[in-house]
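Letter by letter, the chains look like this.
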Amino acid sequence: MNTGTMKNTNLLPGKAGMKVHLKQQKIAPYIFVLPFILSFSIFFLYPIISTVIMSFQEILGPKDVTFIGLKNYRNMINEHFFNAIWVTTRYTFLTILVLVPLPMILAVFLNRRKTIGRNFFRSAFFIPALTSVIVAGLFFRLAFGEQDTTLVNMILGVFGLPKRTWLQQGSTAMMVMVIVCTWRWLGVNIIYFLSGLQSIPVEQYESASIDGANEWQKFLRITVPGLKPVIIYVVTISVYGGYAMFSESYLLFGPRSPGDIGLTLVSLIYQLGFFENNLGAGSAVGITLLGIVMLINMVQLTLTGFFKKESD
Amino acid sequence: MISNSIKKRLISLALLVLMIAIAMFCLGPLFFLLSSSFKPGSEMIRNGITLKLDIGKMNLNNYKLLWEGKDGIYLYWYRNSVIITFLGTVLSLILSSLVGYGLAMYKFKGRNFLFILILIVMMTPIEILILPLYKLSIAIRFIDTYRGVILPFAVSPFAVFFFRQYAGKLSREFMDAGRIDGCSEFGIYFRIMMPLMLPAFGAMTILQAMSNWNAFVWPLIVLRSNEMLTLPIGLQSLLTPYGNNYDLLLSGVVMSIIPIMIVFWCNQKAFISGLTVGGVKG
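Protein chains in written order, with my numbering: chain A, 49 to 360; chain B, -13 to 268.
No lab work stands behind these hints: they were computed from the structure.
On a predicted model such as this, the values are computed, not experimentally measured, just so you know.
You may find that some hints are simply not true.
As the list claims (entries may be wrong) - Computed list of lysine-lysine pairs in BS3-like fashion (alpha-carbon distance at most 27 Å, straight line):
hint, chain 1, residue 1, chain 2, residue 2
1, B, K(-7), A, K74
2, B, K155, A, K71
3, A, K162, B, K(-7)
4, B, K(-6), A, K71
5, B, K95, B, K155
6, A, K74, B, K155
7, A, K266, B, K38
Chain B extracted, bound-state conformation:
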């Protein structure tokens, strides 16, 4: 009996060690990027990322470059990311919630068909469509514009799915009450149902904003000129075959993570509930 309880304790200890190791694996990269961002970029080229902290050599020069480096291009990237994230998120929430609500609350011809189409879009990686979408973007003058980044993915199938799930739980009696009071169908949505769906909007705002802020593949293709790039695309452009500009890259990466981290610390629950409703139990 005693040996059994010792065995149990040993297993628990081993598990704890494993969890700590994995937590270090998860957080370590962010720590090293942060500490490296205070070192000169030439140090990165010579030695890579090192365990030594060398506090004496650390300084804030890389952070000054955010304003001064390459004519302050980083500020353009930041501005573009903020605008695209804001407009993209607002548009996506409005459109996706309308679609999700419509699918959940009305019975109409073609509803199941539409639902299957949404599943198909969800299951098709957009990476497959980069060439035809690029060709279309040239034809409709989307290249190098905000609308070109935002519009093709403004209706997010995941968000539609999420809103449909959430709206489905609301009582239809609210709608009937609205009709009796003489509201139009859209009045019912905007005045009665949308306010009831606010928690869903909260969770989706965070997830959509995060995915817009981090978006990589499509902006990489549709954005061309340096002043139009978003943060991830601008930062990757510093990795060139002719040598990498680590000075600006490291401080730039750190500054691009900070806003999401702040939002995450304030709304951890919303992140997680937004992720899990997506159909795991479906």
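Same shape as in the complex, but just chain A:
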């Protein structure tokens, strides 16, 4: 279109110049996108292909590689693996359970003009997202430590509740991981919901008020449906964030957690690859995880009608 309009102007460069221009316009976009093509091929496509191949191999050294078919996958199916799937899935589910409704409600409050100190609260909720995972890991590791005097046990003591060794039991360890995740991402999700709220027309609330709807009804009938795209987006990023969880567990429990209580699928990949030097087995877990994430993404994209849009 842009070249079409040029043909009618008198300011045209000569015919030869025009040709050079058109040729340049055809080649230029490929040069612009070249960085992505290169980085995609080298650092994404090639690693995926190589991990698929490795998952069928036994790798004892750089030159000592044997093809062993599906053996890595067969060996993979053991207690550790199922435990990792269970921990990862539970973690993902619980983080969604907390990190969708809570930020949504907080965003609604922050969006109301009447709320006191809106800017302060918004910044306060967002600040944890600025910090590296080491900050959250260090604090919660100490706060949920086993000493009687440490923060959480001390607070429990005030209420006369028994002290616990939080980071050594499965159920409480999971709770701490979810708390760490909530601390880190609450503010970010609030920002997403706040931006979603701006796109709900005010008239909808006004006409609901005329019809005599109360705040709660407005929230359920207008706000929640209006935020549907944001909810879908937040659920999606939580699903793959959850299934890719590694750093939080690594910092709370170290590379190997007691009784596998913090063993996620990525921790398992890390252990197999870097402690047991078994790149083949680690790759098999990686491919399985990739399959899980892709499957969930496909389902999610289909549900949101992404593929319909593209085919138009």
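Put chain B on the given structure of chain A with help from the hints.
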């Protein structure tokens, strides 16, 4: 009617209490880390993080360790983080903006396909690829180098997406004007369009710098020797099975947060606009 307004007030009060509680949950950890950083590390091992402030016991010894502790290794980590953040951010902005601009402004064969590839990369957690990327890094001598940390993620799909969104709103008439004046396509980008995209660069600089500064998983894998570590990786290395070196850890963590906090206070809007354009409304 009166009871109704009292009810409303009570609800508002309850909400305010809830918000204050959550704000304390968000800010409390930073406050406790700060106050603990003035206490001896042995205190952390014995008592953990306590509510007692014990101002008498507080001192700046842990902060002296930043220079002196372990032969001043912390300064190496700081230097590495600064260099990697700077180079990584500059490179990522240049490359990602070129790609985003190209995708937004030109119609060419394979454009939609490329766009789908970008979405696929965006939706694939890099944690899945740590083993093959590690193997590749050994082969191309990336292990324990700055380029090894920076290059694999230099083209950020999120930044590409952001620049594409921003460039798409610019008028193509500027490009035609440039062509008439005899600019090459790249001249048009660097002389005309890039200056128009400066606000997008502002927002992305901050977000990319923050994510480079805080990066954990990939640097943990690719960096090996103690003098090459970045701050998050160096600091986590102080947590060992043989006892934790809390003295340096606490003051080190505090000092690693301060630069981001300063940038955040100066540019809150850029943080937020950078985050929200990423496709929520797509």
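For each hint, the structure was consulted:
1. Distance hint between K(-7)/B and K74/A is unfulfilled; the C-alpha atoms sit about 67 Å from each other, more than 27 Å.
2. With a C-alpha separation of about 25 Å, the suggested pair K155/B and K71/A falls inside the 27 Å cut-off, and the hint holds.
3. About 16 Å separates the Cα atoms of K162/A and K(-7)/B, which keeps this hinted pair within 27 Å; it holds.
4. Proposed proximity of K(-6)/B and K71/A is contradicted: the alpha carbons are some 68 Å apart, above 27 Å.
5. Distance check on the hinted pair: K95/B and K155/B sit about 21 Å apart at the alpha-carbon level, within 27 Å; holds.
6. Distance restraint check for K74/A and K155/B: the Cα-Cα separation of roughly 22 Å lies within the 27 Å cut-off, and the hinted pair is therefore satisfied.
7. The straight-line distance between the Cα atoms of K266/A and K38/B is roughly 45 Å, outside the 27 Å bound, and the hint therefore fails.
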